[in-house]
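Just need the whole structure built from these sequences, with the hints factored in.
Chains as they are written, first to last, in the numbering used here: chain R, 420 to 702; chain V, 420 to 702; chain X, 420 to 702; chain Y, 420 to 702.
Mixed in with the good hints there might be a few duds.
When the alpha-carbon atoms are kept at most 25 Å apart in a straight line, the in silico DMTMM-like pairs for lysine to aspartate or glutamate are as follows [as the list claims (entries may be wrong)]: (1) V:Lys532 - X:Asp666; (2) R:Lys670 - Y:Asp666; (3) V:Lys690 - R:Asp454; (4) V:Lys487 - V:Glu451; (5) Y:Lys476 - X:Asp441; (6) V:Lys481 - V:Asp441; (7) X:Lys697 - R:Asp666; (8) X:Lys479 - X:Asp503; (9) X:Lys668 - V:Asp503; (10) X:Lys487 - X:Glu665; (11) Y:Lys527 - R:Asp454; (12) Y:Lys629 - V:Asp503; (13) V:Lys532 - X:Glu665; (14) X:Lys432 - Y:Glu665; (15) R:Lys473 - R:Asp503; (16) V:Lys629 - Y:Asp431; (17) R:Lys697 - X:Asp666; (18) V:Lys697 - Y:Glu665; (19) R:Lys433 - V:Glu688; (20) R:Lys697 - R:Asp666; (21) Y:Lys668 - R:Asp702; (22) Y:Lys670 - R:Glu558; (23) R:Lys473 - Y:Glu665; (24) X:Lys670 - V:Glu451.
A short list of chain Y residues far from chain X (calculated; beta carbon distances all over 12 Å) [as the list claims (entries may be wrong)]: (25) Gly434; (26) Asp441; (27) Phe442; (28) Gly491; (29) Gly529; (30) Pro649.
Quick list of the computed label-pair ranges, beta carbon to beta carbon [unchecked claim]: (31) V:Leu645 - Y:Asn462: 49 to 55 Å; (32) V:Asp666 - Y:Asn498: 26 to 32 Å; (33) R:Lys527 - V:Arg661: 53 to 59 Å; (34) R:Asp666 - V:Pro560: 50 to 56 Å; (35) X:Ser643 - R:Gln592: 35 to 41 Å.
Quick caveat, the hints were computed from the structure, so don't treat them as lab data. Ideal Cβ positions, reconstructed from N, Cα and C, are used throughout, including at glycine.
Number of protein chains: 4
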Amino acid sequence: MPNAILLISCRDKKGITATVTDFVFKNNGNIEHADQHIDAQSNIFFMRIEWSLKNFKIAKNKIAAAFKPIAGQFAMDWNLYFTDETPRVAIFVSSYPHCLYDLLLRHKAGQLKCAIPLIISNHKDAKTIARDFGIKFLEFPITQQNKLAQERKQIALLRKESIEMVILARYGQIFTKQFVDAFPSRIINIHHSFLPAFAGSSPYDQAYRKGVKIIGATSHYVVSKLDAGPIIEQDTVRVSHRASLEDLKLKGEDLEKVVLSRAVRWHLERKILVYNNKTVIFD
Amino acid sequence: MPNAILLISCRDKKGITATVTDFVFKNNGNIEHADQHIDAQSNIFFMRIEWSLKNFKIAKNKIAAAFKPIAGQFAMDWNLYFTDETPRVAIFVSSYPHCLYDLLLRHKAGQLKCAIPLIISNHKDAKTIARDFGIKFLEFPITQQNKLAQERKQIALLRKESIEMVILARYGQIFTKQFVDAFPSRIINIHHSFLPAFAGSSPYDQAYRKGVKIIGATSHYVVSKLDAGPIIEQDTVRVSHRASLEDLKLKGEDLEKVVLSRAVRWHLERKILVYNNKTVIFD
Amino acid sequence: MPNAILLISCRDKKGITATVTDFVFKNNGNIEHADQHIDAQSNIFFMRIEWSLKNFKIAKNKIAAAFKPIAGQFAMDWNLYFTDETPRVAIFVSSYPHCLYDLLLRHKAGQLKCAIPLIISNHKDAKTIARDFGIKFLEFPITQQNKLAQERKQIALLRKESIEMVILARYGQIFTKQFVDAFPSRIINIHHSFLPAFAGSSPYDQAYRKGVKIIGATSHYVVSKLDAGPIIEQDTVRVSHRASLEDLKLKGEDLEKVVLSRAVRWHLERKILVYNNKTVIFD
Amino acid sequence: MPNAILLISCRDKKGITATVTDFVFKNNGNIEHADQHIDAQSNIFFMRIEWSLKNFKIAKNKIAAAFKPIAGQFAMDWNLYFTDETPRVAIFVSSYPHCLYDLLLRHKAGQLKCAIPLIISNHKDAKTIARDFGIKFLEFPITQQNKLAQERKQIALLRKESIEMVILARYGQIFTKQFVDAFPSRIINIHHSFLPAFAGSSPYDQAYRKGVKIIGATSHYVVSKLDAGPIIEQDTVRVSHRASLEDLKLKGEDLEKVVLSRAVRWHLERKILVYNNKTVIFD
Chain R
420 MPNAILLISC
430 RDKKGITATV
440 TDFVFKNNGN
450 IEHADQHIDA
460 QSNIFFMRIE
470 WSLKNFKIAK
480 NKIAAAFKPI
490 AGQFAMDWNL
500 YFTDETPRVA
510 IFVSSYPHCL
520 YDLLLRHKAG
530 QLKCAIPLII
540 SNHKDAKTIA
550 RDFGIKFLEF
560 PITQQNKLAQ
570 ERKQIALLRK
580 ESIEMVILAR
590 YGQIFTKQFV
600 DAFPSRIINI
610 HHSFLPAFAG
620 SSPYDQAYRK
630 GVKIIGATSH
640 YVVSKLDAGP
650 IIEQDTVRVS
660 HRASLEDLKL
670 KGEDLEKVVL
680 SRAVRWHLER
690 KILVYNNKTV
700 IFD
Chain V
420 MPNAILLISC
430 RDKKGITATV
440 TDFVFKNNGN
450 IEHADQHIDA
460 QSNIFFMRIE
470 WSLKNFKIAK
480 NKIAAAFKPI
490 AGQFAMDWNL
500 YFTDETPRVA
510 IFVSSYPHCL
520 YDLLLRHKAG
530 QLKCAIPLII
540 SNHKDAKTIA
550 RDFGIKFLEF
560 PITQQNKLAQ
570 ERKQIALLRK
580 ESIEMVILAR
590 YGQIFTKQFV
600 DAFPSRIINI
610 HHSFLPAFAG
620 SSPYDQAYRK
630 GVKIIGATSH
640 YVVSKLDAGP
650 IIEQDTVRVS
660 HRASLEDLKL
670 KGEDLEKVVL
680 SRAVRWHLER
690 KILVYNNKTV
700 IFD
Chain X
420 MPNAILLISC
430 RDKKGITATV
440 TDFVFKNNGN
450 IEHADQHIDA
460 QSNIFFMRIE
470 WSLKNFKIAK
480 NKIAAAFKPI
490 AGQFAMDWNL
500 YFTDETPRVA
510 IFVSSYPHCL
520 YDLLLRHKAG
530 QLKCAIPLII
540 SNHKDAKTIA
550 RDFGIKFLEF
560 PITQQNKLAQ
570 ERKQIALLRK
580 ESIEMVILAR
590 YGQIFTKQFV
600 DAFPSRIINI
610 HHSFLPAFAG
620 SSPYDQAYRK
630 GVKIIGATSH
640 YVVSKLDAGP
650 IIEQDTVRVS
660 HRASLEDLKL
670 KGEDLEKVVL
680 SRAVRWHLER
690 KILVYNNKTV
700 IFD
Chain Y
420 MPNAILLISC
430 RDKKGITATV
440 TDFVFKNNGN
450 IEHADQHIDA
460 QSNIFFMRIE
470 WSLKNFKIAK
480 NKIAAAFKPI
490 AGQFAMDWNL
500 YFTDETPRVA
510 IFVSSYPHCL
520 YDLLLRHKAG
530 QLKCAIPLII
540 SNHKDAKTIA
550 RDFGIKFLEF
560 PITQQNKLAQ
570 ERKQIALLRK
580 ESIEMVILAR
590 YGQIFTKQFV
600 DAFPSRIINI
610 HHSFLPAFAG
620 SSPYDQAYRK
630 GVKIIGATSH
640 YVVSKLDAGP
650 IIEQDTVRVS
660 HRASLEDLKL
670 KGEDLEKVVL
680 SRAVRWHLER
690 KILVYNNKTV
700 IFD
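In structure tokens form, the structure reads like this:
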């Protein structure tokens with residue numbers, strides 16, 4: 420039997436936790452995880468609750484309907500997931516393959532609960548990697564002229580393939596608003612700097628020129644504004660004046676892999692709530 | 420109006436969260452924090468719930484009695500605290516004053532919600548520090564012969580002063596079982612290594628001889644077995660072959676201060692649950 | 420007998436290291452530390468060499484003259500220091516005392532080889548701290564109108580007191596070019612963010628609003644452009660959505676103390692070379 | 420033209436640096452890196468010097484002979500390397516493939532300057548990985564009875580293949596003294612704990628039971644005593660009570676990959692000196 424997962428956010432009020440946990444309890448569900456958070460400044464309540472459907476009194480396909488009145492009572496934003504669903508994921512990549520390899524190997528090792536039916540690139544470079552892992556590869560060369568048209572084709576393709584989530588594994592192109600709006604809070608990017616420092620292009624060059632003593636990597640949901648979406652995860656590593664630009668890249672790539680894969684795993688495990696361009700991570 | 424805090428642990432069963440949150444909700448309490456954790460291996464349920472007593476229907480001094488039936492129903496270990504109580508703390512120190520200073524300055528800055536009426540040492544060194552901060556200082560010279568007798572006097576003194584918590588801020592003496600048993604899960608020590616590595620004396624010397632590339636510090640509750648109690652917090656910092664033994668101590672002392680003060684703050688904020696010689700920290 | 424320390428930078432050429440180490444060796448000096456670095460991009464050579472003056476053939480006050488021809492041969496920027504000199508340091512502070520306390524306690528513990536004859540503030544708050552540590556305290560209230568005049572008085576005072584180095588230990592005022600130019604590469608500031616992110620005022624508020632998952636602190640030499648000087652040291656610490664703005668400040672202050680004190684120690688130990696708005700740290 | 424690299428250790432004396440750098444300078448070599456370290460406790464001098472052979476007056480194959488008198492004068496342990504040599508490396512692995520994959524992908528990306536002609540295992544599991552990367556795979560099943568005989572065969576094979584360095588990428592077997600002695604300071608192991616804590620088997624289980632708040636990984640040269648060889652690199656990552664044993668392994672594997680690959684790279688770049696069961700890393 421799978422588990423059910425509810426992700427909830429709403430204005431804080433007395434009784435939310437009691438009401439939600441009572442809903443699970445009365446229907447004979449066993450809560451395996453329950454996390455809540457109240458944002459003190461905005462007074463918004465966030466909750467993630469996961470319970471076993473073993474002996475649960477409500478059939479899986481009727482839980483949403485049964486929960487609706489409670490959601491209404493508290494004016495909740497909410498999503499219901501089940502752990503036996505397998506989200507379908509597409510990976511976009513350009514010429515640096517390290518994050519792509521990393522995701523594919525983690526997937527192969529069973530660490531990412533998803534299907535990866537599709538790899539998309541603006542180059543040919545990753546074609547053999549896709550083939551080695553038995554994944555369909557599609558090249559969409561991008562120019563200033565064809566970008567909007569190519570994006571429309573990509574959107575159509577992703578919809579046809581029922582892609583729920585898009586991972587930008589060092590994808591070098593900037594999407595237009597059209598693409599971003601098609602997958603709100605469903606596109607995860609890895610940026611190779613400690614955002615908001617060094618947004619935009621060539622962050623390692625920027626960091627090297629600035630002479631920072633620590634470099635970082637940031638995974639975030641993509642929004643229309645470049646490198647400005649809600650941050651999911653960050654990590655940093657120490658560098659010294661001895662580090663060349665090449666050394667920065669080498670150290671940074673190790674961060675990128677870890678930071679991106681954590682974000683993807685949390686997304687797939689339904690542990691992320693977005694609000695106010697920030698994230699709550701129930702890890 | 421203060422908040423109430425319940426710390427609960429018991430065997431996991433359906434309905435605990437629902438029942439506890441319902442208790443708060445029915446009595447018109449507003450939950451400000453609720454964290455729970457289920458240890459998958461031992462199937463033990465842990466909860467910390469904090470709610471505002473503003474408009475709470477049960478008087479502060481009757482809450483414990485009102486909650487007792489629920490505690491009984493689930494065979495809970497539980498403690499009830501109120502945020503307007505000020506725990507009384509004694510600090511033990513020997514000749515290194517950096518942790519003592521750090522705690523006293525944090526206390527002065529309002530970061531530690533407690534009273535510190537007492538500093539105890541086996542040396543005279545900290546006497547002037549105690550005086551500068553207006554705290555009573557007592558010297559208990561310790562020899563192999565007088566240790567048990569001195570400990571008995573210390574226990575009597577701590578009880579007389581209603582000391583709830585003892586902090587060992589680089590106290591060089593090892594307590595006997597007699598003292599440890601008098602304050603179960605109420606003595607916090609800082610050990611200047613990444614436990615379980617380099618337990619016992621001179622951990623920096625041990626680390627230096629071993630040639631480790633990272634050093635650490637560990638705060639833990641004291642149990643009879645030396646440096647073996649439940650770990651509350653740890654932190655580490657990178658060192659290189661260039662670091663002398665002195666450099667290790669210098670870097671380590673910065674860790675010690677941070678690691679000890681975090682443990683103390685969490686204890687005072689009732690965020691720590693101990694089980695099976697481990698800790699759950701609801702930070 | 421003290422050690423001599425040479426800090427050297429010049430265009431890289433064959434024979435620099437050989438010539439400098441030969442200078443020390445021929446005159447019977449025993450090299451205790453020698454570090455060099457070549458910046459691959461700018462082709463600049465940096466060196467720090469420290470040797471014992473025990474049995475050194477050249478008298479201490481004649482070493483500079485003896486080294487001059489070598490410096491000339493390679494067109495070096497160079498400075499000669501001796502470990503028995505005690506630099507005189509002034510600390511500027513506003514209302515947050517944690518960095519000030521930290522520096523004073525490290526100084527008292529013998530970890531900072533300098534004299535601290537002077538604490539300067541735009542407020543009265545730190546007066547009692549200065550008194551407790553037996554240090555002269557001077558208040559310079561700053562307004563938009565009197566800033567230039569007050570700075571002139573401060574510069575005169577610092578010169579009269581033979582102050583070699585200025586530490587801004589959370590000093591809230593921004594200096595004009597006039598003050599900065601009077602102490603080039605001799606003013607160390609602590610900024611409570613991971614620069615270049617969150618420069619300017621209220622960096623913790625900025626970080627909190629942005630929803631970063633890691634916060635940082637940066638020590639740097641002050642230049643005319645705000646928070647843009649050569650970075651000496653940085654450190655970071657992980658935060659989560661659970662952290663309030665207050666929690667960020669609390670965690671950040673621990674970083675600030677460590678990051679500032681490292682920078683100050685390296686400066687005092689003559690381990691820092693500045694070039695191209697970056698630093699080489701021979702730690 | 421390649422660079423030459425000298426790794427030197429000897430009792431500290433006046434004039435070593437001057438003599439060595441003069442040797443390079445007089446023969447028209449341009450020093451690109453020079454690092455030295457003096458161990459204050461043992462008074463041992465360590466040096467790594469790398470210079471360009473472009474226009475160097477001594478032919479590559481005569482440098483060793485030319486340097487010998489200097490080495491004799493100071494009773495040096497020394498090794499001479501050239502950057503156009505490509506060390507041959509064998510990787511041993513058992514059933515966890517993450518470190519193997521990581522090394523192979525870094526090698527493919529040009530980050531490890533070596534040849535990897537051989538993968539050896541006590542299982543069949545890695546056979547397809549070896550094939551995918553075009554590397555010879557040999558299975559040596561190990562039992563208590565055949566271990567010594569199998570090791571003899573492995574030693575013979577490694578010699579026949581001119582293997583200079585052995586990497587244990589989560590190899591589950593413990594070598595006997597016979598094998599270890601055949602490759603002194605030439606076998607690098609990754610141990611999945613922060614040594615000396617949790618040596619031996621199942622370190623993640625040990626860490627989980629102990630309730631540590633930080634886990635680590637350690638790369639070290641293999642000596643006869645289990646997990647006790649000179650430490651090359653370590654790293655740590657924070658965990659909480661929420662982390663299951665599986666989570667520990669997942670986080671730990673990311674550390675293992677980074678920590679092992681750094682050690683391998685430093686070894687290949689001739690940046691490691693071993694003494695007194697510790698390492699000097701000129702990174």
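Quick rundown of the hints versus the structure:
Between Lys532 of chain V and Asp666 of chain X the alpha-carbon distance is near 15 Å, which keeps this suggested pair within the 25 Å criterion. A C-alpha spacing of about 23 Å is found between Lys670 of chain R and Asp666 of chain Y, which places the hinted pair at or below 25 Å, so the restraint holds. Distance hint between Lys690 of chain V and Asp454 of chain R is fulfilled; the C-alpha atoms sit about 15 Å from each other, no more than 25 Å. Under the criterion of a C-alpha separation no larger than 25 Å, the hint pairing Lys487 of chain V with Glu451 of chain V is consistent with the structure, at around 22 Å.
Distance hint between Lys476 of chain Y and Asp441 of chain X is fulfilled; the C-alpha atoms sit about 21 Å from each other, no more than 25 Å. The hinted pair formed by Lys481 of chain V and Asp441 of chain V meets the criterion: a straight-line CA distance of about 17 Å does not exceed 25 Å. About 17 Å separates the Cα atoms of Lys697 of chain X and Asp666 of chain R, which keeps this hinted pair within 25 Å; it holds. This hinted pair checks out: Lys479 of chain X and Asp503 of chain X have alpha carbons roughly 11 Å apart, not beyond 25 Å.
Restraint check: the Cα-Cα separation between Lys668 of chain X and Asp503 of chain V comes to about 23 Å, which is no more than 25 Å; the hinted pair holds. Restraint check for Lys487 of chain X and Glu665 of chain X: not satisfied, since their Cα atoms lie roughly 54 Å apart, outside the 25 Å limit. Distance hint between Lys527 of chain Y and Asp454 of chain R is unfulfilled; the C-alpha atoms sit about 43 Å from each other, more than 25 Å. For the hint pairing Lys629 of chain Y with Asp503 of chain V, the CA-to-CA distance comes to about 34 Å; that exceeds 25 Å, so the pair is violated.
Straight-line distance between C-alpha atoms of Lys532 of chain V and Glu665 of chain X comes to about 15 Å, which keeps the hinted pair within the 25 Å bound. Restraint check: the Cα-Cα separation between Lys432 of chain X and Glu665 of chain Y comes to about 55 Å, which exceeds 25 Å; the hinted pair is violated. A distance of roughly 13 Å separates the Cα atoms of Lys473 of chain R and Asp503 of chain R; the hinted pair therefore holds under the 25 Å criterion. Restraint check for Lys629 of chain V and Asp431 of chain Y: satisfied, since their Cα atoms lie roughly 22 Å apart, inside the 25 Å limit.
Only pairs whose Cα atoms come within 25 Å are accepted, and Lys697 of chain R paired with Asp666 of chain X is accepted, the gap being roughly 17 Å. Straight-line distance between C-alpha atoms of Lys697 of chain V and Glu665 of chain Y comes to about 18 Å, which keeps the hinted pair within the 25 Å bound. Of the supplied pair hints, the one linking Lys433 of chain R and Glu688 of chain V holds, its CA atoms being roughly 23 Å apart against a limit of 25 Å. For a cut-off of 25 Å, the pair hint linking Lys697 of chain R to Asp666 of chain R is broken: about 31 Å separates their Cα positions.
Note on Lys668 of chain Y and Asp702 of chain R: the hinted pairing holds, with a Cα-Cα distance of about 16 Å set against a maximum of 25 Å. In summary, the hint linking Lys670 of chain Y to Glu558 of chain R is not supported, as the alpha carbons are separated by about 34 Å, beyond the 25 Å threshold. Under the criterion of a C-alpha separation no larger than 25 Å, the hint pairing Lys473 of chain R with Glu665 of chain Y is consistent with the structure, at around 23 Å. With a C-alpha separation of about 22 Å, the suggested pairing of Lys670 of chain X with Glu451 of chain V holds against the 25 Å cut-off.
Listed as outside the interface, Gly434 of chain Y is inconsistent with that label: its C-beta sits roughly 5 Å from the nearest C-beta of chain X, within the 12 Å cut-off. At roughly 5 Å from the closest C-beta of chain X, the C-beta of Asp441 of chain Y falls inside 12 Å, breaking its exclusion from the interface. With 12 Å as the threshold on Cβ separation, the claim that Phe442 of chain Y sits away from chain X is violated: the shortest Cβ distance comes to roughly 9 Å. The Cβ of Gly491 of chain Y lies farther than 12 Å from every Cβ of chain X, with a closest approach of about 18 Å, so its non-interface assignment holds.
For Gly529 of chain Y, the shortest C-beta to C-beta distance to chain X comes to about 18 Å, beyond the 12 Å cut-off, and the non-interface label holds. At the 12 Å boundary, the C-beta of Pro649 of chain Y stays outside the reach of chain X, the nearest C-beta of that chain being 22 Å off. Checking the proposed 49 to 55 Å range against Leu645 of chain V and Asn462 of chain Y shows it is violated: the Cβ atoms sit about 35 Å from each other. Distance hint check for Asp666 of chain V and Asn498 of chain Y: the Cβ-Cβ separation is about 28 Å, which falls inside the suggested range of 26 to 32 Å.
Under the hint 53 to 59 Å, the C-beta atoms of Lys527 of chain R and Arg661 of chain V, about 41 Å apart, miss the expected range. Checked against the hint of 50 to 56 Å, the C-beta distance between Asp666 of chain R and Pro560 of chain V comes to roughly 55 Å, which is consistent with it. Against the hinted window of 35 to 41 Å, the Cβ-Cβ separation of Ser643 of chain X and Gln592 of chain R comes to about 39 Å, which satisfies the hint.
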